[in-house]
Amino acid sequence: MLVEKNIRDDETFYRVLFSPLHISLKDGKEPKVKREALLPKPDGREVSMFRSRYMGLEECQTIGAEIQMNGQTFRAIGSLSHPEIARNNHTFENEHISAMVIYSPMHGKDYVDRNINVYTNDPDVDKPAHVDLTYSIPFSADSDVKTKMRKYASSLAKTMTVQYVKYPVQEGC
Amino acid sequence: MIAVLPSYAIPDQSFFEQFVSVTVPHTDMYADNTESFSKMIRLIEDFSMNTPVTAVKNKLSELSQLTYNWDGYGASAIPERVIKNSYKFIDTLFSEDCALYLSPEDITPTPYGSIVMDLISVYGLVSLEIGKTQIGFFTEYEDGENFDSDGEDTDFRSIPDALKKAIDLLYGREIRSAC
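So the protein lines, in turn, are chains P and G.
Take 1 as the starting number for the first sequence in this note's numbering and just add one per residue.
Take 174 as the starting number for the second sequence in this note's numbering and just add one per residue.
Hint data in this document are derived by calculation from the structure and do not stem from the laboratory.
Take the hints with a grain of salt, since some may be wrong.
With a cut-off of at most 30 Å between alpha-carbon atoms, the simulated BS3-like pairs for lysine-lysine come out as follows [as the list claims (entries may be wrong)]:
#, chain 1, residue 1, chain 2, residue 2
1, P, Lys148, P, Lys26
2, P, Lys166, G, Lys230
3, G, Lys305, P, Lys166
4, P, Lys148, G, Lys257
Put together the whole structure using the sequences plus the hints.
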């Protein structure tokens, strides 16, 4: 199946979590994805996700377990919907911050050329369903705290649903 | 005896050795009470290791051990300076009774190397972020107007005025309609 470059308005995305620090497991409450799971790494503004349209939850679990990035342990999967991202952008319109989902299949740690058509069973693309949640504001080296980005992520994380948790999720590192 | 422990103390071995050396003559005098004495020491140890400030500092200690890529997506380790600032600011928060509802669970590192502390009460949330030189924060009150700070330079020995006001509102220490 061809992976559409256009991201549809009604799509859902999965964020695979490898750290227990990104999951809130308070007694008696549903597990939640913490906002920090939606923040980019230093000098970046992208957050990796997978399109549910091309990767079911079970397949996502398998991929998460297989990836086990650099010794990290697969912990959980949170889902996020495109309409919620749009709503969040509207909420933060006056604060001049937004995020958009960008088609970005990967193979290993490398992005695949966006001009190439990618298929779900492409042997040369091991993450055809990969997309980036990309923030509109660049990472600023002038400030070592990111209030705007955190506020945006906080609002968006509240709309996420934990689809899968690998128990036990131990507190700590 | 519990009441004399300073709230900010993290007792180490020497603290208890000092304590025991002072108290042991009493146990000699009341030999039958040796077991009770041991229980008392254990109680003090349990209490001391579970005070909120100790639990919070233990969490910071855990975060200081994070290495590059702890989240699997290229997160940086937490710089030593940020850890030190966090310890300082924890002392400041506790000494000013501003950490009443700070739980270790609500202390979270960011992928870019700062530390976030969420103070939560029935009124909502104050989420503060500690960096190398700055503190930033935003509020999510259940009611009232929210405000934030993009980052303020600080020595972490005092609470910036805007943040202090936000925390007071969170704990209901100011009239909330004043927001």
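Structure-based check of each hint:
1. Lys148(P) with Lys26(P): This hinted pair holds, its Cα atoms lying about 26 Å apart.
2. Lys166(P) with Lys230(G): holds, 27 Å
3. Lys305(G) with Lys166(P): Violated: lysine 305(G) and lysine 166(P) sit about 34 Å apart, past 30 Å.
4. Lys148(P) with Lys257(G): With Cα atoms ~24 Å apart, lysine 148(P) and lysine 257(G) stay inside 30 Å; holds.
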